[in-house]
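Mind docking chain Z on chain V? Use the hints.
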Amino acid sequence: MSNIIEEKKIIKKAAAGSADAFEQLLLKYQTPIYNLCLRMTGNPEDAADMTQEAFLKAWRSLSSFQFESSFSTWLYRLTTNTCLDYLRSLKRRPQCSLTVEDDEGEEQVLDVTDEAPTPEEALLSAEERSQLVHALSQLEASQRQIITLRVVNDLSYAEIAEILDVKEGTVKSRLARARDNLRKKLLQIGNKSELPASNR
Amino acid sequence: MKCNQIFPLLSGHLDGANSEIEERRLQQHLKTCRHCRELLARLEENDALLASQEAQPPVDLAARIMSQIRREEKKPRFGKRFLISTAATGLAAAALLAFVVWGNVSLPKTDGSAMEKASYDLAAEAACNDVSDPAATNAVSENTVLSDTLTSASDPSGGADLNTPADSGQLNAPETEPAPTQAMQPTEKNSAVAADSSEPTEPAEDTTAVDPTQDTYFEPSPPPLAYLQNGNATDETVEPPPMYTYSGQTDENPPPKRGTAKQKPVEGPVLVIWKTDTAEIAGLADFTLFPAETASADVLGDNLYTRMNNGLFLRPLPRDDGQEASLAVTTCTVDYETLTALFDECAGTYELCVYYPASIKSLENCTVLLVEVSVKPADKAE
Chain V
1 MSNIIEEKKI IKKAAAGSAD AFEQLLLKYQ TPIYNLCLRM TGNPEDAADM TQEAFLKAWR
61 SLSSFQFESS FSTWLYRLTT NTCLDYLRSL KRRPQCSLTV EDDEGEEQVL DVTDEAPTPE
121 EALLSAEERS QLVHALSQLE ASQRQIITLR VVNDLSYAEI AEILDVKEGT VKSRLARARD
181 NLRKKLLQIG NKSELPASNR
Chain Z
1001 MKCNQIFPLL SGHLDGANSE IEERRLQQHL KTCRHCRELL ARLEENDALL ASQEAQPPVD
1061 LAARIMSQIR REEKKPRFGK RFLISTAATG LAAAALLAFV VWGNVSLPKT DGSAMEKASY
1121 DLAAEAACND VSDPAATNAV SENTVLSDTL TSASDPSGGA DLNTPADSGQ LNAPETEPAP
1181 TQAMQPTEKN SAVAADSSEP TEPAEDTTAV DPTQDTYFEP SPPPLAYLQN GNATDETVEP
1241 PPMYTYSGQT DENPPPKRGT AKQKPVEGPV LVIWKTDTAE IAGLADFTLF PAETASADVL
1301 GDNLYTRMNN GLFLRPLPRD DGQEASLAVT TCTVDYETLT ALFDECAGTY ELCVYYPASI
1361 KSLENCTVLL VEVSVKPADK AE
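Chains as they are written, first to last, in this note's numbering: chain V, 1 to 200; chain Z, 1001 to 1382.
Looking at chain V on its own, in the form it has when it is part of the complex (with noise of 0.2 Å):
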């Protein structure tokens, strides 16, 4: 409880003009606000620049915050939005894929995860890795939002529907059907994986 007043007064405080107490929200915002643009956009780069255009957004714009949601529900969105308007202006040029040749000329999935692994993920292959991240950058912006926003940022339903506008039994079937597009992505891609293995 403390915790969200402290934050109130920072906000506040960035609100009226505070760089260095904007600087405290960036920092603790940042890390979440990024992985919500590596997944929307799918590229560490892209991923980048729409975290700066994100907080650039709020630091003008905070001023306009009325409090009437938390600050993060706020942030979230306003990220949300910004990715959304890139990828539909994505749309209007031509796209780079995600896949990239190999040396023996082989089309593979770009992997667009930047991080050294984690113990948990050393235990999935790095196969699946890729395979999951190239599912999800199939899937439509608004199904990859909402997966991203519950599994990645964890995010509970009300929250999620709160930035989306959404009620949140919306949420739930939109996840659900976000979930079996999902799955459906994979099966095609482990489909076409096992193709060459199974002529072999």
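Hints were generated in silico from the structure; no laboratory data involved. There could be a bad hint or two in this list.
To be verified - With a straight-line cut-off of 20 Å between C-alpha atoms, the simulated EDC-like cross-links for lysine to aspartate or glutamate are:
no.: 1; chain 1: V; residue 1: Lys185; chain 2: Z; residue 2: Glu1045
no.: 2; chain 1: V; residue 1: Lys57; chain 2: Z; residue 2: Glu1072
no.: 3; chain 1: V; residue 1: Lys184; chain 2: V; residue 2: Glu127
no.: 4; chain 1: V; residue 1: Lys185; chain 2: Z; residue 2: Glu1044
no.: 5; chain 1: V; residue 1: Lys184; chain 2: Z; residue 2: Glu1038
no.: 6; chain 1: V; residue 1: Lys57; chain 2: V; residue 2: Glu23
no.: 7; chain 1: V; residue 1: Lys28; chain 2: Z; residue 2: Glu1054
no.: 8; chain 1: V; residue 1: Lys57; chain 2: Z; residue 2: Asp1060
no.: 9; chain 1: V; residue 1: Lys184; chain 2: V; residue 2: Glu128
no.: 10; chain 1: V; residue 1: Lys185; chain 2: Z; residue 2: Glu1038
no.: 11; chain 1: V; residue 1: Lys167; chain 2: Z; residue 2: Glu1022
no.: 12; chain 1: V; residue 1: Lys8; chain 2: V; residue 2: Asp20
no.: 13; chain 1: V; residue 1: Lys184; chain 2: Z; residue 2: Glu1045
no.: 14; chain 1: V; residue 1: Lys13; chain 2: Z; residue 2: Glu1072
no.: 15; chain 1: V; residue 1: Lys28; chain 2: V; residue 2: Asp49
no.: 16; chain 1: V; residue 1: Lys184; chain 2: Z; residue 2: Glu1044
no.: 17; chain 1: V; residue 1: Lys185; chain 2: Z; residue 2: Asp1047
no.: 18; chain 1: V; residue 1: Lys184; chain 2: Z; residue 2: Asp1047
no.: 19; chain 1: V; residue 1: Lys167; chain 2: Z; residue 2: Asp1015
no.: 20; chain 1: Z; residue 1: Lys1002; chain 2: V; residue 2: Asp180
no.: 21; chain 1: Z; residue 1: Lys1002; chain 2: Z; residue 2: Glu1023
no.: 22; chain 1: V; residue 1: Lys184; chain 2: V; residue 2: Glu140
no.: 23; chain 1: Z; residue 1: Lys1002; chain 2: Z; residue 2: Glu1022
no.: 24; chain 1: V; residue 1: Lys8; chain 2: V; residue 2: Glu68
no.: 25; chain 1: V; residue 1: Lys28; chain 2: Z; residue 2: Asp1060
Quick look at chain Z alone, frame taken from chain V:
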């Protein structure tokens, strides 16, 4: 229950979002369906894999963002801040008065109105400036524009295309009674000041606390901007200056329309003296100085501010407690009487808080705003 109907419950199960009934139905189905058990395991694995892939942002990302933000921060908002509690009123008053004296600001005698002094300062400076010097002439002209703006003297020809009352506080004063004495009457047209500047308005006798021959005081820079409302003004014929209030943006109370500023923006430091009955001074108002030319939608975003003078924006911030703060802003002079009256008035009732930009080294050239904050429950807000 069929397998193709079970997926929403599997997803809900992962998030702990199923109702008791849903969860019971799911568990009954899972007991008998190996396929769905495997599917659930797979979904749990996917979630775990996604959740475990937290990436760290680039190490220089925060620095990059803050660098950009600090570049934007160059537009001054709050500078240093003194919070003067009522318990320390005497000490604070002494300190501020020392600051005033240090700033080489004259202290008019009790019976001399500050507005007279302002007029005198303008006239005296005009006399000291060579009218053949275009720069000096322009300086006088600009000073008068600024003075007219700050003192809200009636000038129906005031050149701004702003319509709302709040806007009128910025450039065109509402049609109020002009200052009553000749000495207090601002020059009607800037050009008239320039042309007539060799014949200064006769200074009031009681404003001689400052020797006008002192070159150090009459530098070719704007004089101290004085006075709209003197807290202890005794001349009852003086029409109170308009108070510009704005209680925040609502549907019923739209923000002032943005206009095209045509007058010179306020330049130089602005000293803000806050009067408030709440100790929570920080965050009561957003206070930003923008040159008028940059007051575009990009800079201001969707948040319009009460525009006080040219280029100065003030607006109350929303409060957590549902109450609504409103601001009443006047310019004032920093003289001994005003300050002591303010401190006396605030003793035991108000807090006084003085904001001044870090750049202030002297109160000379300083625009002084007195901001009175009142807080009222939202349901009683007009």
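Tell me the numbers of any earlier hints that the structure contravenes, in ascending order. No numbers; nothing is violated.
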